[in-house]
Every structure is written in structure tokens, then in C-alpha cells.
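Enquirer: This is what each chain is made of:
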Amino acid sequence: MKGDHHMILRVIAKCLIPLILIYAFYVQFHGEVGPGGAFQAGVIIAVALILYALVFGLTATMRAVPPWFTRALAAVGVLIYAGVGFWALLSGGDYLEYQALFGEPPGEHHGQHAGIIIIEIGVLCAVSGAMTTIFYALAGRVAEIRDEDW
Amino acid sequence: MTEVMIGGTGTALINILFLGMLFVVALAIARLRSLFAIVMLSGVYSLVSAAWYILVDAVDVGFTEAAVGAGMSTAVLLGAMLLTARTAKPEKPLQRLGPLVVCLATGVMLIYGSVDLPALGDATSPANAGIGLTYLKINWYDMGVPNVVTSVLASYRGFDTLGETAVVFTAGLAVALLLGFGERSLAETLKKTPKAETRPAPRGKDGNAA
Chain A
1 MKGDHHMILR
11 VIAKCLIPLI
21 LIYAFYVQFH
31 GEVGPGGAFQ
41 AGVIIAVALI
51 LYALVFGLTA
61 TMRAVPPWFT
71 RALAAVGVLI
81 YAGVGFWALL
91 SGGDYLEYQA
101 LFGEPPGEHH
111 GQHAGIIIIE
121 IGVLCAVSGA
131 MTTIFYALAG
141 RVAEIRDEDW
Chain B
1 MTEVMIGGTG
11 TALINILFLG
21 MLFVVALAIA
31 RLRSLFAIVM
41 LSGVYSLVSA
51 AWYILVDAVD
61 VGFTEAAVGA
71 GMSTAVLLGA
81 MLLTARTAKP
91 EKPLQRLGPL
101 VVCLATGVML
111 IYGSVDLPAL
121 GDATSPANAG
131 IGLTYLKINW
141 YDMGVPNVVT
151 SVLASYRGFD
161 TLGETAVVFT
171 AGLAVALLLG
181 FGERSLAETL
191 KKTPKAETRP
201 APRGKDGNAA
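So the protein sequences, as listed, match chains A and B.
Residue numbering for the first sequence is 1 to 150, as defined by our numbering.
Residue numbering for the second sequence is 1 to 210, as defined by our numbering.
Because the hints were derived from the structure by calculation, they are not lab data.
The model shown is predicted, which means the values in this text are computed figures rather than measured ones.
Even glycine gets a Cβ: it sits at the ideal position worked out from N, Cα and C.
Please note that a few of the clues may not be correct.
With beta-carbon atoms standing in for the labels, derived distance ranges [claimed, not checked]:
no., chain 1, residue 1, chain 2, residue 2, range
1, A, 89, B, 85, 32 to 38 Å
2, A, 68, B, 13, 30 to 36 Å
3, B, 58, A, 75, 29 to 35 Å
4, B, 141, A, 92, 18 to 24 Å
5, A, 141, B, 92, 49 to 55 Å
6, B, 90, A, 63, 37 to 43 Å
7, B, 119, A, 105, 55 to 61 Å
8, A, 9, B, 141, 28 to 34 Å
9, A, 75, B, 92, 27 to 33 Å
10, B, 16, A, 92, 54 to 60 Å
11, B, 12, A, 68, 49 to 55 Å
12, B, 178, A, 103, 44 to 50 Å
Partner residues aside, some chain B positions facing chain A, computed with beta carbon under 7 Å [claimed, not checked]:
no., residue
13, 58
14, 61
15, 71
16, 77
17, 80
18, 83
19, 87
20, 132
21, 150
22, 156
23, 159
24, 165
25, 167
Just so you have them, the derived chain B footprint on chain A, three or more residues with Cβ under 8 Å [stated by the list, open to error]:
no., stretch
26, 29-40
27, 69-82
28, 126-135
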């Protein structure tokens with residue numbers, strides 16, 4: 001390499017990526033009280049991975065988070081969401097009726113809270129997995145961004 | 001009914017500023033030929049419209065626009081751009097006439113249609129007086145969740161959101177099936193660098209920096 005002229009970029013990205021991930025989890029778990037939710041959090045996690053891929057190269061990213069993992073994550077996310085529906089069915093309610101999860105009367109909220117948190121985790125997995133899969137599929141076709149393209 | 005939507009001259013000015021910025025960015029995108037600049041400007045467009053959504057109190061929409069429009073789709077478009085040429089082909093001036101007419105006609109029809117829309121924040125509009133008001137009233141007793149958007153999205157309309165999640169999953173699956181999973185290039189890169197360098201092949205020699 002003729003002088004590492006992306007050094008500032010690398011250092012900044014290394015500092016930023018953990019912050020981006022923490023922010024994604026903040027958005028995820030504060031979806032009940034503020035704007036945002038699992039869809040946005042999933043996209044933010046995918047963006048953190050993409051930033052890593054843009055700066056450190058796709059190969060390093062694929063070693064850290066392999067493509068089979070992102071596809072599995074997307075599928076598992078949908079399964080988690082659908083599973084909550086079946087849990088409610090087994091507890092004697094309608095599909096995705098969180099009130100029935102713990103068999104509570106109306107006005108008690110534990111089932112609602114648990115249901116919302118679990119399906120949001122499912123959405124988080126599905127969105128971040130699907131977005132990363134799309135990025136891998138697109139970016140996996142070229143080796144890397146060449147220097148003159150920056 | 002018009003006084004509900006005007007939140008003071010300052011808000012109106014910021015509205016005009018944001019919409020004017022959107023207009024300028026859109027014009028620049030239409031005139032540019034360099035794909036890299038177009039991708040970046042479309043990210044700017046998304047960011048400005050996200051700011052404008054927040055100005056009209058659609059915080060969740062603005063957040064999604066910032067995350068998906070400015071973050072995700074810019075990155076995906078960058079990846080897609082690398083697969084093609086760097087600049088768009090110049091076209092003859094006459095060819096631009098058709099799209100211009102279509103855009104103008106659509107714009108005129110949209111403006112004509114917007115005359116009948118209720119004012120922003122109008123308490124008697126169907127969106128605020130109908131089921132929206134019902135959700136606001138029953139939400140706290142039903143859910144105990146302060147953010148009504150979350151409780152509507154995840155619980156009242158949980159079935160729709162399950163469908164949306166399945167759509168996102170299907171989109172990822174479709175792209176992966178069409179373009180390959182990206183592992184082929186990984187395998188090739190690994191083949192070219194047998195010493196398991198983290199940097200890809202073309203930079204090989206002293207690539208253990210970074």
C-alpha cells in the first residue's frame with residue numbers, strides 16, 4: 001500500500017461503529033417510550049456493518065459476520081415473530097393476542113409488554129439480517145471500492 | 001380551520017427553507033451525470049426530508065427516512081453503483097421532453113388533489129377524529145405503553161407488522177437468490193490471498209498494515 005491514506009477514516013470508523021451499535025440498541029429498547037423501534041434499529045445495525053465493510057473491506061466483514069449467519073438471522077427473526085403468535089394460540093387466545101400470553105384480564109400489561117418486546121427482537125433480527133444479506137449480495141460482486149472512486 | 005396549521009411565521013419560514021432545499025437538491029440530481037454525486041445527493045435529499053418530517057411532527061416517519069433513506073439506501077446504491085459505469089450516458093435534449101411532461105402533469109394533478117386535503121393538525125379531519133382518536137383514548141388502559149405508534153404497530157396491528165417483516169425477509173431472500181449470496185467473491189478473494197490476509201489481493205505485497 002502506497003502510504004495508508006485512509007488512516008483517519010479507519011480510526012474514526014473504529015470509534016464510530018460501537019457507538020452506532022449502542023445507538024441501535026437504544027432505539028430498539030426505547031421504542032416503547034420514544035420514536036423509533038425495531039425496524040429502524042435493524043437498519044442502523046446493518047449500516048454499522050456496511051460502514052465496517054466500506055472501510056475495512058468486504059472480506060474482513062464476511063469473516064466477522066458470515067453470510068450464512070445473516071440469512072439465518074433474517075429467517076430466525078420471522079420465526080420469532082410468528083412464534084409469539086403461536087404462543088398466544090397455545091395460551092388460549094387469538095393469533096398474536098398478547099393479552100392471552102400470561103392469561104391476564106384486560107388492564108394488566110405484562111403480556112402486552114412481553115409480546116411487544118419479543119416481536120420487536122424478531123423484527124430486529126429479520127431487518128438487520130435481510131439488509132445485510134442484500135448488501136452482501138450487491139457488494140460481493142466487486143472486490144472493493146477502488147481508491148479513485150472515493 | 002387554517003389557523004391550526006400555521007405555527008407562527010418562523011415555522012412557515014423553516015418549512016419554505018426545507019422545501020426549497022429539497023427542490024434545489026432534486027434539480028441538482030436531475031442535472032448531474034456523475035453517479036457518485038447523484039447517490040450522495042439522494043442521501044442529502046432523504047436527510048432534508050427527514051428533517052422536514054420532524055418539523056411536521058411525524059417523528060417516527062422522519063426517523064425511518066433518516067435511517068433507511070439516508071443511511072441504508074445510500075450504502076446499497078453505492079454498492080450497486082460500483083457494478084456499473086461511473087457516469088450516466090448523456091441523452092439528447094429531445095429525449096428529456098417526455099419525462100418532463102410526465103413530471104409536470106403529475107405535479108399539477110398532485111397539487112390539484114392537495115387542495116381537498118384537511119389542514120395539518122385539523123382536529124376534525126378523518127385521521128384525527130376517527131380511529132386515531134380511539135387508539136389515543138384506549139391505548140393506556142390496554143397497553144400501558146406511552147408511545148401509541150409502538151402499540152398500534154406491534155399490538156393492535158401486529159398482524160400487519162408480521163406481514164411487513166415477512167416482506168423485508170422476502171426482499172432479502174429475493175436479492176440474494178438473484179445476485180448470489182456474495183460468498184463466491186469471498187471464496188475468490190480467499191483463493192487469491194492464501195496467507196489469509198485481511199486485505200484483498202490487488203494490494204498484496206505489504207498489506208499487513210491497517
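Enquirer: It remains to establish, for every hint, whether it holds in the given structure.
Expert: Comparing the hints with the structure gives:
{"no.": "1", "hint": "A/89 with B/85: 32 to 38 Å", "verdict": "53 Å, violated"}
{"no.": "2", "hint": "A/68 with B/13: 30 to 36 Å", "verdict": "53 Å, violated"}
{"no.": "3", "hint": "B/58 with A/75: 29 to 35 Å", "verdict": "32 Å, holds"}
{"no.": "4", "hint": "B/141 with A/92: 18 to 24 Å", "verdict": "22 Å, holds"}
{"no.": "5", "hint": "A/141 with B/92: 49 to 55 Å", "verdict": "31 Å, violated"}
{"no.": "6", "hint": "B/90 with A/63: 37 to 43 Å", "verdict": "42 Å, holds"}
{"no.": "7", "hint": "B/119 with A/105: 55 to 61 Å", "verdict": "41 Å, violated"}
{"no.": "8", "hint": "A/9 with B/141: 28 to 34 Å", "verdict": "52 Å, violated"}
{"no.": "9", "hint": "A/75 with B/92: 27 to 33 Å", "verdict": "48 Å, violated"}
{"no.": "10", "hint": "B/16 with A/92: 54 to 60 Å", "verdict": "56 Å, holds"}
{"no.": "11", "hint": "B/12 with A/68: 49 to 55 Å", "verdict": "53 Å, holds"}
{"no.": "12", "hint": "B/178 with A/103: 44 to 50 Å", "verdict": "46 Å, holds"}
{"no.": "13", "hint": "58", "verdict": "9 Å, violated"}
{"no.": "14", "hint": "61", "verdict": "9 Å, violated"}
{"no.": "15", "hint": "71", "verdict": "4 Å, holds"}
{"no.": "16", "hint": "77", "verdict": "9 Å, violated"}
{"no.": "17", "hint": "80", "verdict": "6 Å, holds"}
{"no.": "18", "hint": "83", "verdict": "6 Å, holds"}
{"no.": "19", "hint": "87", "verdict": "12 Å, violated"}
{"no.": "20", "hint": "132", "verdict": "17 Å, violated"}
{"no.": "21", "hint": "150", "verdict": "5 Å, holds"}
{"no.": "22", "hint": "156", "verdict": "10 Å, violated"}
{"no.": "23", "hint": "159", "verdict": "6 Å, holds"}
{"no.": "24", "hint": "165", "verdict": "5 Å, holds"}
{"no.": "25", "hint": "167", "verdict": "9 Å, violated"}
{"no.": "26", "hint": "29-40", "verdict": "holds (count 9)"}
{"no.": "27", "hint": "69-82", "verdict": "holds (count 7)"}
{"no.": "28", "hint": "126-135", "verdict": "holds (count 8)"}
Taken one by one, the earlier hints fail for this structure at numbers 1, 2, 5, 7, 8, 9, 13, 14, 16, 19, 20, 22 and 25, listed in ascending order.
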